[in-house]
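Could you build the full structure based on these sequences and the hints that come with them?
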Amino acid sequence: MAGKPVRPVNAIDQTRRMLSLVTYLRERPGARIEDVARAFGITEDELVSDLDVLPMCGTSFRGGDLLDIDTDGERIWWHNPAALGAEAAEPLRLAADEATALLVAARAVATLPGLRESDRQALLRATAKVETAAGEAAGASARLSVTFESEGGVFADVDRAIAERRRLWIRYYSPARDELSEREIDPIRLVSVGHTYVEAWCRRSEARRTFRLDRVAEIKILDEPSAPPEVELRDLSEGLVQPAAEDPQVVVEVGPGGRWVAEYYPHDSADELPDGGLRITLRTPDPASLKRLALRLGRDGRIVAPDDLVDSARRAAREALAAYDGTGTAG
Amino acid sequence: MAIAKAERLMNLALCLLGTRRPLSKRELRESIEAYLEAASDDAFNRMFERDKDDLRELGLVIETVENLEGEVGYLARRDSNRLPAITLDAEEAAALGLAAKVWQQARLAGAASGALQKLRAAGLPEDVDPYGAHSALEPRIPVHEAAFEPLMLACRDRRPVVFDYRKATAAQPEPRHVEPWALECWRGHWYLAGWDRDRGAERVFRLSRITGKVRSRGTRYTAPVPDVVTVRETVASWAGESADRSARIRLRTDAGYPLRAKATSVRELGGGWEELEIPYGHGLDAWLVEFGADVVVLEPAELRADVVDRLRAVAKG
Numbered sequence: 097m098a099g100k101p102v103r104p105v106n107a108i109d110q111t112r113r114m115l116s117l118v119t120y121l122r123e124r125p126g127a128r129i130e131d132v133a134r135a136f137g138i139t140e141d142e143l144v145s146d147l148d149v150l151p152m153c154g155t156s157f158r159g160g161d162l163l164d165i166d167t168d169g170e171r172i173w174w175h176n177p178a179a180l181g182a183e184a185a186e187p188l189r190l191a192a193d194e195a196t197a198l199l200v201a202a203r204a205v206a207t208l209p210g211l212r213e214s215d216r217q218a219l220l221r222a223t224a225k226v227e228t229a230a231g232e233a234a235g236a237s238a239r240l241s242v243t244f245e246s247e248g249g250v251f252a253d254v255d256r257a258i259a260e261r262r263r264l265w266i267r268y269y270s271p272a273r274d275e276l277s278e279r280e281i282d283p284i285r286l287v288s289v290g291h292t293y294v295e296a297w298c299r300r301s302e303a304r305r306t307f308r309l310d311r312v313a314e315i316k317i318l319d320e321p322s323a324p325p326e327v328e329l330r331d332l333s334e335g336l337v338q339p340a341a342e343d344p345q346v347v348v349e350v351g352p353g354g355r356w357v358a359e360y361y362p363h364d365s366a367d368e369l370p371d372g373g374l375r376i377t378l379r380t381p382d383p384a385s386l387k388r389l390a391l392r393l394g395r396d397g398r399i400v401a402p403d404d405l406v407d408s409a410r411r412a413a414r415e416a417l418a419a420y421d422g423t424g425t426a427g
Numbered sequence: 013m014a015i016a017k018a019e020r021l022m023n024l025a026l027c028l029l030g031t032r033r034p035l036s037k038r039e040l041r042e043s044i045e046a047y048l049e050a051a052s053d054d055a056f057n058r059m060f061e062r063d064k065d066d067l068r069e070l071g072l073v074i075e076t077v078e079n080l081e082g083e084v085g086y087l088a089r090r091d092s093n094r095l096p097a098i099t100l101d102a103e104e105a106a107a108l109g110l111a112a113k114v115w116q117q118a119r120l121a122g123a124a125s126g127a128l129q130k131l132r133a134a135g136l137p138e139d140v141d142p143y144g145a146h147s148a149l150e151p152r153i154p155v156h157e158a159a160f161e162p163l164m165l166a167c168r169d170r171r172p173v174v175f176d177y178r179k180a181t182a183a184q185p186e187p188r189h190v191e192p193w194a195l196e197c198w199r200g201h202w203y204l205a206g207w208d209r210d211r212g213a214e215r216v217f218r219l220s221r222i223t224g225k226v227r228s229r230g231t232r233y234t235a236p237v238p239d240v241v242t243v244r245e246t247v248a249s250w251a252g253e254s255a256d257r258s259a260r261i262r263l264r265t266d267a268g269y270p271l272r273a274k275a276t277s278v279r280e281l282g283g284g285w286e287e288l289e290i291p292y293g294h295g296l297d298a299w300l301v302e303f304g305a306d307v308v309v310l311e312p313a314e315l316r317a318d319v320v321d322r323l324r325a326v327a328k329g
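Taken in sequence, the protein lines are chains A and B.
Under the numbering used here, the first sequence has 227 at position 131, and the numbering climbs by one with no breaks.
Under the numbering used here, the second sequence has 242 at position 230, and the numbering climbs by one with no breaks.
It should be emphasised that the hints constitute simulated quantities derived from the structure, not laboratory data.
Each residue gets a CB set at the ideal place from its N, CA and C atoms; glycine is no exception.
Heads up, some of the hints might be wrong.
[Unchecked claim] The calculated label-pair distances, taken between Cβ atoms and stated as ranges, are: (1) A:319 with B:314: 51 to 61 Å; (2) B:265 with A:279: 16 to 26 Å; (3) B:61 with A:228: 31 to 41 Å; (4) A:177 with B:239: 15 to 25 Å; (5) A:178 with B:158: 42 to 52 Å; (6) B:215 with A:176: 53 to 63 Å.
[Unchecked claim] Computed footprint of chain B on chain A, listed as stretches where at least three residues anywhere in the stretch have a Cβ under 8 Å from a Cβ of chain B: (7) 147-154; (8) 223-234; (9) 274-280; (10) 312-325; (11) 377-386.
Here is the structure:
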């Protein structure tokens with residue numbers, strides 16, 4: 097088994113799905129395509145492609161029948177459910193990976209500090225039942241774990257505001273400017289990717305903004321109704337920070353000790369340097385916000401461009417050093 | 013046109029599930045069209061072995077039985093493949109539905125939906141979906157690291173691995189021989205805990221620092237696997253969150269909110285300055301430098317010297 101090449105998952109996922117489909121369809125003659133696709137969490141096209149394959153399948157050995165399943169585009173009909181013995185259509189036990197994927201995710205969601213207590217209880221009950229049903233297959237799930245970070249109190253207020261469609265007032269810390277600002281926001285959704293964020297319509301900037309909950313210094317639920325304009329929800333799977341093509345470019349050169357920059361900042365390119373360092377090119381709407389990075393890097397790296405950012409970091413370091421002058425540490 | 017793999021796998025699964033007696037390879041080959049079309053015995057054998065492995069990955073328990081003539085046969089017995097009875101109410105179903113959507117890694121996302129589909133087939137309620145497509149709560153488990161999947165499988169199957177690892181401050185990666193125990197995701201990054209064979213000690217690795225391929229070593233574990241593996245504590249100490257000392261700093265009144273939030277004491281100094289006592293752990297010097305002239309370190313002298321040293325490096329440019 098060692099060193100087996102990684103396969104594309106499609107055929108595996110489709111087989112897995114079709115095995116459950118036959119069990120499901122057997123109980124539901126004339127099931128609607130729309131409903132089945134929703135129940136299985138797939139698109140109607142995916143379901144139709146399964147329905148194209150199923151008639152080619154069966155317990156075909158020694159003259160057994162193929163599954164006579166077809167669709168009129170709206171409903172699904174299975175004309176010979178007996179082709180599969182009653183036993184062969186029973187729900188299948190969970191595989192180790194399936195149990196792991198579901199249980200690890202369920203345990204992680206249950207750690208969200210602001211999750212509604214009734215939802216958490218339902219999740220914990222469900223987790224326990226799945227663990228029991230999975231039996232041995234649940235064992236490997238202990239080898240993966242995920243913790244979501246979020247500020248419990250803030251989370252609960254945001255969650256309530258979303259449920260009750262009310263506006264929020266927050267005092268929010270911006271690390272880029274090292275300042276707190278007050279703003280009113282209309283919350284849209286909570287997103288947990290490592291940290292937890294609220295995506296909201298910011299009434300001050302009249303734009304969609306994402307706020308990290310652990311940077312919310314204070315929060316109040318207001319009486320005004322929340323009225324975020326209809327915005328298309330972005331797919332956040334590529335990361336919350338999605339620089340625009342027109343954003344100014346910043347070039348950072350780091351030594352080996354500064355390679356973490358490439359892990360924390362989304363970037364366009366990171367080219368190896370001969371000393372084991374990297375030359376990283378990234379884009380940001382506000383290059384001044386990277387002054388903190390320049391200061392933090394110290395001798396592990398420096399900003400190369402743009403010039404005004406280079407100058408402002410150098411100036412900031414000199415100003416800071418002035419406070420240590422005459423105490424024997426400077427000079 | 014070649015017969016789709018999903019069709020072949022499905023037919024093999026249905027044959028094995030539908031039979032009461034073991035079916036020989038020959039019988040299976042004659043029954044499944046894709047196998048009949050195989051160009052040679054070798055091609056068929058390879059295909060058949062791979063397909064059996066794939067079905068086992070999907071959770072199918074396939075038994076190998078030898079009959080009196082010494083011929084090997086295969087079957088998937090119902091009682092070892094049946095999902096035990098499980099009854100979930102609508103709220104429990106909705107909660108699992110949310111959990112099944114959080115993986116952003118193809119294999120686990122597929123596995124989680126597969127689990128949910130099996131539960132659906134077993135009667136999981138489907139009418140209530142309070143979260144909907146545009147949920148107000150969207151937890152996501154990010155997996156950007158290429159090393160994740162091979163390490164997940166290695167942890168699952170308890171297989172030693174070797175990979176090139178570049179330590180945070182090292183210019184060049186070094187090969188590491190590891191008996192992997194567990195993977196943990198914290199603050200959006202994945203870490204591996206395991207036994208480092210070269211160092212003869214437990215180690216935690218950050219997946220993003222693994223360069224190149226993770227290769228399996230077909231040997232057994234040499235060190236016992238602990239019952240509880242704690243990755244987070246180790247990582248938290250890297251992040252300077254296990255401070256055992258404290259530092260005194262001067263901070264401008266309108267600046268440094270996160271420092272103030274961590275302070276154990278704050279004293280007004282007048283003239284727009286405050287004096288703070290804050291926990292002093294690994295990495296504090298780098299963090300304080302970020303605040304530029306708004307922070308002045310008072311003590312300890314060691315921290316003060318580190319900060320000045322860093323500032324000088326930036327001032328020189």
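Now for the hints, and whether the structure bears them out:
1. A:319 with B:314: 51 to 61 Å: holds (52 Å)
2. B:265 with A:279: 16 to 26 Å: holds (22 Å)
3. B:61 with A:228: 31 to 41 Å: holds (33 Å)
4. A:177 with B:239: 15 to 25 Å: Given a distance of about 48 Å, which is not inside 15 to 25 Å, the answer is violated.
5. A:178 with B:158: 42 to 52 Å: holds (48 Å)
6. B:215 with A:176: 53 to 63 Å: holds (58 Å)
7. 147-154: The restraint on the region 147-154 of chain A holds, since 5 of its residues have a Cβ under 8 Å from chain B and three suffice.
8. 223-234: Since three or more residues must qualify, the claim that chain B covers the region 223-234 of chain A holds, with 6 doing so at under 8 Å.
9. 274-280: holds (count 3)
10. 312-325: Answer violated; 1 residues pass the 8 Å Cβ test.
11. 377-386: It is violated: at least three residues are needed, and the region 377-386 of chain A offers just 0 whose Cβ sits closer than 8 Å to chain B.
Of the numbered hints listed earlier, those contradicted by the structure are 4, 10 and 11.
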